[in-house]
Amino acid sequence: MNINIQKGLVMIYWGYGKGKSTAAVGLAVRALGQGKRVLFMQFMKGGKDAGWETGEGKMFKWLEQLPSPGLRPPSPLGRGEGEGKLEFHIVGKGWVRIMGDKKPIEEHEEAAREGLEFVMKILRSTGSPSASQWEFDVVILDEILSAVDSALLSVEDIKALIRAKPPEVYLIMTGHKEYPELAELADLVTKMQKVKHPYDKGIKAQKGIDF
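Sequential numbering from 1 applies to the sequence shown in this note's numbering.
Don't read these hints as lab results, they were simulated from the structure. A quick note: this is a predicted structure, and the numbers were derived from the prediction, not measured. The beta carbon of each residue, even a glycine, is placed where N, CA and C say it ideally should be. Don't take each hint at face value.
Each pair of labels, with its calculated beta carbon distance range [as the list claims (entries may be wrong)]:
(1) A160 <-> I105: 33 to 39 Å
(2) K58 <-> Q193: 27 to 33 Å
(3) F211 <-> E114: 20 to 26 Å
(4) D187 <-> S125: 20 to 26 Å
Capping the alpha-carbon separation at 30 Å, the derived lysine-lysine pairs in BS3-like fashion look like this [stated by the list, open to error]:
(5) K61 <-> K201
(6) K194 <-> K18
(7) K196 <-> K165
(8) K177 <-> K103
(9) K7 <-> K196
Input sequences plus hints: build the corresponding full structure.
Given below as structure tokens:
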């Protein structure tokens, strides 16, 4: 039996295979094309200051600046009835204890905590009864579960995020390790399983392909 329920889902892409962030970026592009309002936040990678500026980050910064002439004005609920919106944030200081990282762990923890507090504030204000319209339809938190892997955040922090999500908002998260407690709360979980990876042969990440 097919059930068509218009609700925002909790979606997780995890595993040690390639494709998690790629899937999240693709979902963001698709949502924007349908007039959705997208918040995309990258944890861990750290951007240009960490020597890890991603191709999607560059594109998202460019898209943020583009005018959108000729589109219908957004509807009160922002549910794909008008102009798409993109907001992009880098909230990490780079990978932890790998890729030449020498930053104090406290610096990483502070960045992850600030990112968590920021998105919690967004979700709570979006779902408040006084909100005149939803600020975002889709919230994508790339590598936030990797921040849990590195003990910068906890599983309980992620549970709190899921609880704070308004029913109409889609929440997408990516990371490496699997957490059964989070799988129980999610509507969709996709595991990216590694069969082969060039990194195992000493081939480093390729610009434009891997980042």
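Structure-based check of each hint:
A160 and I105 have their C-beta atoms about 22 Å apart, which leaves the hinted 33 to 39 Å range violated. At about 29 Å, the beta-carbon gap between K58 and Q193 stays in the expected band of 27 to 33 Å. Between F211 and E114, the C-beta spacing of about 23 Å keeps the proposed range 20 to 26 Å intact. Separation of D187 from S125 is about 23 Å and conforms to the stated range, judged on CB atoms against 20 to 26 Å.
Proposed proximity of K61 and K201 is contradicted: the alpha carbons are some 33 Å apart, above 30 Å. Proposed proximity of K194 and K18 is supported: the alpha carbons are some 7 Å apart, at most 30 Å. This hinted pair does not check out: K196 and K165 have alpha carbons roughly 36 Å apart, beyond 30 Å. At roughly 23 Å between alpha-carbon atoms, K177 and K103 fall within 30 Å of each other, so this suggested pair holds.
At most 30 Å may separate the alpha-carbon atoms for a hinted pair to count; K7 and K196 exceed this at roughly 36 Å.
Hint check: violations occur at hints 1, 5, 7, 9; the rest are consistent with the structure.
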